[in-house]
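Asker: Sequence:
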Amino acid sequence: MKRVILLRGPRSVMAASAPEWAAAQTWAKAAERIVVHKGLNAPAEPGGVPTPPVYDAVIELWSDAALDAHSIRSDWEDVEVRSSAQIVGKAAAARLPIGITPGLSQLSFIRAIEALPRQDVERHWNEHIPLACEIHVGMNRYVQDRFSPAVPWFGMAHLHFPSEAALRDGLFRSPEDIAVITADVAEFVSDYATMIAIEHIVKA
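Going by the working numbering, the first residue of the sequence shown is number 26, and it counts up by one from there.
One or more hints might be untrue.
Straight line, CA to CA, 30 Å or less: simulated DSS-like cross-link-like pairs of lysine-lysine [said to hold, decoys possible]: (1) K115 - K54; (2) K228 - K115; (3) K27 - K115; (4) K228 - K54.
These aren't lab readings, by the way, just hints derived from the structure by calculation.
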């Protein structure tokens, strides 16, 4: 079973270092795999203030063991735990080792259009995969997580880029690409939030 843990506001000194915090949890021992995405502030406009990430940390946890949600809430201000059905749109070229993954992750959280049945949203999102792989030429990995429960977010798209330059220059090839992606996403998404993160493989 895969779960995604969304965390805001570290309360403890240990939680301030999310990868080390995750590795120290009792549920980490039984996990098959743990990946922690540590959120980065968005760059500020000249003279402005950097924008904090949507979440301080996002944890991907593969485990059938019970999750001690109470212990999580003692270390973090805000905790959301979601079961996930994972769809791999573009796989990594090689197995990722433990440690910091080179490059940057873009995590996009989507709200589905309320009037659409879940199966229609999933179908649209499936059809979006080849378009995303064609347009986001700089990414080397693409994964969709469909959440349950699907509130407030229907799911999370994870685009990984091997370098900052790959993200900057390879997210879109042209303004036309932006328009195409925007039009396609509008068919099933009512709202979204995006953050940039550093990926830490804690357990593999």
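Asker: None of the hints should be skipped; say for each whether it holds.
Answerer: Comparing the hints with the structure gives:
{"no.": "1", "hint": "K115 - K54", "in the structure": "29 Å, holds"}
{"no.": "2", "hint": "K228 - K115", "in the structure": "21 Å, holds"}
{"no.": "3", "hint": "K27 - K115", "in the structure": "18 Å, holds"}
{"no.": "4", "hint": "K228 - K54", "in the structure": "9 Å, holds"}
The structure meets every hint from the earlier list without exception.
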